[in-house]
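Q: Spelled out, the chains give:
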Amino acid sequence: MSEEVTLEILRYRPETESEPRFQTYRVPYHEDWVVLDALNYVKDHLDATLSYRWSCHMAICGSCGMMINGEAKLACHAFLRDYRNAVIRIEPLDHFPIERDLVIVMDSFMEKLSSVKPYLIPKEQKPVRDGEYVQTPLQLMAFKQYTLCINCLLCYAACPQTALNEGFAGPAALALAHRYNLDSRDNGKEQRAEVVASDEGIWECTFVGACSEVCPKHVDPAAAIQQTKISASLDWFKARLMPGARR
Amino acid sequence: MDVISTDVAIIGAGGAGLRAAIAVAETDPTLGIWLISKVYPMRSHTVAAEGGAAGVIKDNDSLDYHFHDTVSGGDWLCDQDAVELFVNAAPLELMQLEHWGCPWSREASGKVAVRPFGGMKIERTWFAADQSGFHILHTLFQTSLKYPSIRRLDEYYATDLLVEDGRCIGLTAIEMRSGRVVALQARAVIIATGGSGRVFPFTTNGAIKTGDGMAMAYRAGVALKDMEFVQYHPTGLPGTGILITEGSRGEGGLLINKDGYRYLQDYNLGPPDPWPRLKAMELGPRDRLSQAFWHEQRKGRTAKTPYGDVVFLDIRHLGEKKINERLPMVRELAQSYADVDPVHEPIPVRPVVHYTMGGIHTDVNAATSVPGLFAAGECACVSINGANRLGSNSLTELLVFGECAGRGAATFAKTNSGAGSAAAGAAAQAFEQRIRALFTRAGASETVSGLRKEMHDTIEEGAGIYRSHASLQETCRKLAELRRRYANVQLQDRSNVFNTDLIAVLELGAMLEVAEAIAHSAACRKESRGSHQRLDYPERDDANYLKHSLATYRGAEPPEVSYCDVVITRSKPAERVYGGAAA
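Chains as they are written, first to last, in our numbering: chain A, 1 to 247; chain B, 1 to 583.
Think of the hints as simulated: they come from the structure by calculation, not from any bench.
Incorrect hints may appear among the rest.
One side only, chain B facing chain A, incomplete, derived with CB under 10 Å [to be verified]:
1. Met-1
2. Ala-48
3. His-99
4. Leu-438
5. Arg-441
6. Gly-443
7. Ser-445
8. Val-448
9. Gln-492
For clarity, every value in this text was computed on a predicted model and none was experimentally measured.
Every residue gets a Cβ at the ideal spot worked out from N, C-alpha and C, and that includes glycine.
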């Protein structure tokens, strides 16, 4: 008989179940399958009632974040071969309410993302017909890493602070704010500081660094937050010690 | 039944939908907008585009060149007035994205950089490393948050358009979180739902690309145009179908067969220069490259893998530094999903369904034949792509025509009052009953996954890279059978909250309708042009088929296929020339 793997999947249907439970499925093992392929096998052949989000199957749309054996992962980027001979336990992302099965409620994240004003706020609007804002490869490099966030929310599931403080803006939103602050075309840092440097912003971060460890795109939100802390401190001192010197 | 009213409703929140929403907001900030999508905007499939977006910006380039590349690339099936508008608007749209913060890759001077792409005479593809679509989508989404009038209904699955007295007055949708059915009444509606690659089994398209919007417009009486033209991208990873961007060939990547031979030189694409010659060899157009693979396979010169035959894309000579700078995602994808590090080994690749050239028939203003209904992006066919789209034209297309649709819908909404809601209410009630019937249907025997598999098998068998009368007849017959059996599909999940089984049932219905339009349009076109290649009619036939096909919905019956003229202004149909002769 060909090899199989066992999945223990968290099931929760709020209309009929008062609390989540685990359901076990056995699926064929393929060397190059990812956990998402195994879920799709369940959906197509064993149990069409299982719900989860997915689309691209190439780690760029950010839909399929889930807890796999306790670690926050993209299901499309977690290979069965790395769990060989073990039961694979699949749960929705930590620190979010469960909407159903592996689907989380992500309203809070969408609000946080919006709250940091994640768009270019230029010093002055230049007409589009006048061409591009000149930006050297070095200036691009200064923030490029922080543009790579796919909003998969693995970092929120890994961060101990998001568990403790619901209002904490969190790694992805703060990294995105930093991305725009660092952009040579941008002049919106002060506007973003209202959220970024507030009680729900960078100062909530205790620099555990779990966010950067789980990030599938190597965005390093922990570094973004530390850099923002330093920059915000400097701004604070500048504003108080050298009145009038603030940019 | 909940009824929501607004000025402009936009279905689909990918590149085209977001661009349209911003255009509406900028045209008139007092207009109400609902942006509806079955996924959160950043999940939309624009995210997966890699190589870049074409627009003339450099001194060595010209709008004329972009025009002629596009028209000949499309095997003269492009509407030239649309292409004219497109190439003219392209640079400004791309520049607008720069002003919104898109992290375009740069030259040392700080100016935007461009790279070569297939079928383009001059390098004109703006890129953000090899994640251009990702950056365009996120830039548009994040920018859209600036506009208070853009409100979103995330994870609402739109099902049908509401049409009253021949005018589109809204749509029905299901709120996925609750299962609640809503009617959205709007003065103007824009469809921006993307392509339908998921009709095929092996595709670069994400799971969400099920042609919902095309099917909605089709059922509402708008023709689907040129549906027989389905683009195979020559370089997908075997098994998963993950896209390896044409940008890797733009940067100098080579295609070799199992013997290490640059086989494209045998297909009128040579000479095999060691440097990337534009419009030749690896920088030929996608249709020619995918067809060359088919012939190589016939000759036994492809390599066998458990996931089908492959050729190899070799980028080793670019070196690790350049690969990391220009093609970082390609490297990561190949390592993760093909267990190959392209710095050290060639990447196994095979042709994979990538893009739907056809779609909802629109005019150059992105308006459809139903007043109040607009369409833009891959779901639409404004006819700039003709019989074969050139790589990097589609990201630009969704910007140019997304903007156009937004402006058009805003103007329409301002000049037309809201329609009466009686018919809307009735249609919405009927829809609700249809959904309820699915829930209570008992003893039905068909499964979604079973029907989908049979659809995949027949469409690939009959309407692949090469087609014939016999193969298409069989596919048409099979699809009719599958549509009949679909009436007997069993919903397994009868809950309301995030019921993905229900969504899959509805998506399958859309895909079967789109598949039928593809197969019948292909069966009727008795010539070979661009991506549509007939073994029984190997030549292009301008006398009879220099025309757009129009597939019209006829309920349970197969579509009626008719034709309309191609708009030809200044480029008379001629032979497509690539390789050394194209210089």
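Q: Was the hint right that B/Met-1 lines chain A, CB cutoff 10 Å?
A: violated, 20 Å
Q: With a cut-off of 10 Å, does the beta carbon of B/Ser-445 approach a beta carbon of chain A closely enough for the hint to hold?
A: B/Ser-445 check fails; min Cβ-Cβ to chain A is 14 Å, beyond 10 Å.
Q: Under 10 Å, Cβ to Cβ, is where B/Arg-441 needs to be relative to chain A, so tell me if that hint holds or is violated.
A: violated, 14 Å
Q: Less than 10 Å between beta-carbons is the criterion; does B/Val-448 satisfy it with respect to chain A?
A: This interface hint holds because 7 Å falls under the 10 Å limit.
Q: Grab the minimum C-beta distance from B/Gln-492 to chain A and call the hint holds if it beats 10 Å, violated otherwise.
A: Holds: closest Cβ of chain A sits about 4 Å from B/Gln-492, inside 10 Å.
Q: Given B/Gly-443 as an interface hint, is the shortest Cβ-Cβ distance to chain A below 10 Å?
A: For B/Gly-443, the interface hint is violated, since the closest Cβ of chain A sits about 16 Å away, which is over 10 Å.
Q: So, B/His-99 near chain A? Judge it on the closest CB pair being under 10 Å.
A: holds, 6 Å
Q: Identify whether the interface hint at B/Ala-48 stands, where standing means a beta carbon of chain A within less than 10 Å of its own.
A: holds, 5 Å
Q: Given B/Leu-438 as an interface hint, is the shortest Cβ-Cβ distance to chain A below 10 Å?
A: Cβ of B/Leu-438 sits 13 Å from chain A, so the hint is violated.
Against the hints set out earlier in the document, violations occur for numbers 1, 4, 5, 6, 7.
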